[in-house]
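> Residue strings, one per chain:
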Amino acid sequence: MNTEQLIASLSAEVPRVSRHALVRRIAFGIVGGALVAMVGVVAVLGLRPDLELAMQGFSFWMKSTYTMSLGLGAIYAVGRLARPVPASLRGLWFLAIPVLVLAGIGIGEFASNPSSEWLGIWLSRSWKVCPWLVLALSVPIFIGLLWSFRTLAPTRLRAAGAVAGLAAGAWAATIYCLHCPEVSAMFVLTWYSLGILLAAGVGALLGPRLMRW
Amino acid sequence: MAQSEDQLKAWMLGGLDGDAAAHGALLRELVPLLRSFYGRRLGNAQADVEDLVQETLIAVHTRRAAYDRDRPFTAWLYAVARYRLIDYLRRRRIAVSLEDVEATLVEEDFEQASQARMDVEALLSTLSPKQARAIRETHVEGKSVAEAAAAAGIGESDVKVSVHRGLKALAARIRGTRT
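Protein chains in written order, with the numbering used here: chain S, 1 to 213; chain A, 1 to 179.
Errors might be hidden in some of the hints.
Said to hold, decoys possible - Chain A regions said to be covered by chain S (calculated; three or more residues, Cβ under 8 Å):
1. 14-20
2. 26-38
3. 60-67
4. 164-172
Said to hold, decoys possible - Which residues of chain S face chain A? A few of them, derived with a C-beta cut under 7 Å, are:
5. T3
6. I7
7. V14
The set of hints was computed from the structure by calculation and includes no laboratory data.
All C-beta atoms, glycine included, are put in the ideal place defined by N, C-alpha and C.
If we strip away everything but chain S, and leave its shape as in the complex, we get:
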């Protein structure tokens, strides 16, 4: 096809693109993937039986506030890396705040318990499965973000893959809160974060391959 014909066919139909198209596209990808992950939690893992009671307590909100704040920070970075012009990621250091706050709560926990119980608080019952379940739940959300990126233009693919994985992991962890009965801050700080970081790492590995355009 010669270039003139190409231009004619490209400008034959020019749909309107909203000012918020990029944000909306990313939100659709994440929400779509999150719904699949939620079905996975409800159908396969099962909601924690005391969910209603837990939602009135501190630890449930501590966990989900931690994961959601990481998720929001990661979405901000995804939005920046979805555009081709290199944008500064300096705002990302805000992600350290939830980590530090949770670490503070965790230290308080340890301080108010005898050291013989620390290991039990830290590992609890589900430390072996928690990171892997978070990673598994992040898969549909990451796929949703890959769909979002199909009409966007990332140029730093490894970084874009990493923050997409981070966002997928953080929202997967938020959904995992509906299943996971753990209550300790140190547990969340270690094993939830590990799952989220695994998702970010896998994203960084896959980004250059799957986000090429």
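Model the placement of chain A on the given structure of chain S, informed by the hints.
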């Protein structure tokens, strides 16, 4: 330059609002810009230049949502164009390794030449804009000192001094990175 940015951006915004005529005008106007952008970097590979131009037009069309209305359009365009060029060079390297040796050698020369051109740009970007411009025009594009001075609107001795100081700074930098 500033005028063409304003015009291009106005068309882009028109296209984003659903104005097909503005969108067509934009794409048509981009063709010569992109041809010279890729032509300068790929030299004689005319068919590839045209492929890259078309790929970039398609990207500008399908990935419009990634344009931020509050930012300059040309910066966005060249970021897209640069990405397509890098992707092209990568694809090229993979395809080349499967072909026969002779073709590979020819391709590698070509690759190195474009690589060298990018290295020069990277080095020049470490200098002040004035020095970088003086060196680019007199040593890379082959203009005379008088032409470069007229284009930049400065004196000839100013160009010579900029070139001299710029080259000296570059030499120092290269020595510095090697030791």
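> Please go over all the hints and tell whether each is borne out by the structure.
Quick rundown of the hints versus the structure:
Counting residues of the stretch 14-20 of chain A whose CB lies closer than 8 Å to any CB of chain S gives 6, so the stated coverage by that chain holds, three being the minimum. Chain S is given as covering the stretch 26-38 of chain A, and this holds because 3 residues of the stretch bring a CB closer than 8 Å to a CB of that chain, at least three being needed. Counting residues of the stretch 60-67 of chain A whose CB lies closer than 8 Å to any CB of chain S gives 7, which reaches the minimum of 3, so the coverage claim holds. Residues of the stretch 164-172 of chain A with a Cβ under 8 Å from some Cβ of chain S number 0, which does not satisfy the need for three, so the listed coverage is violated.
Because the beta carbon of S/T3 sits about 6 Å from the nearest beta carbon in chain A, less than 7 Å, this interface hint is met. For S/I7, the shortest C-beta to C-beta distance to chain A is roughly 5 Å, which falls under 7 Å, so the interface hint holds. Checking S/V14 against chain A: minimum C-beta separation of about 4 Å stays under 7 Å; hint holds.
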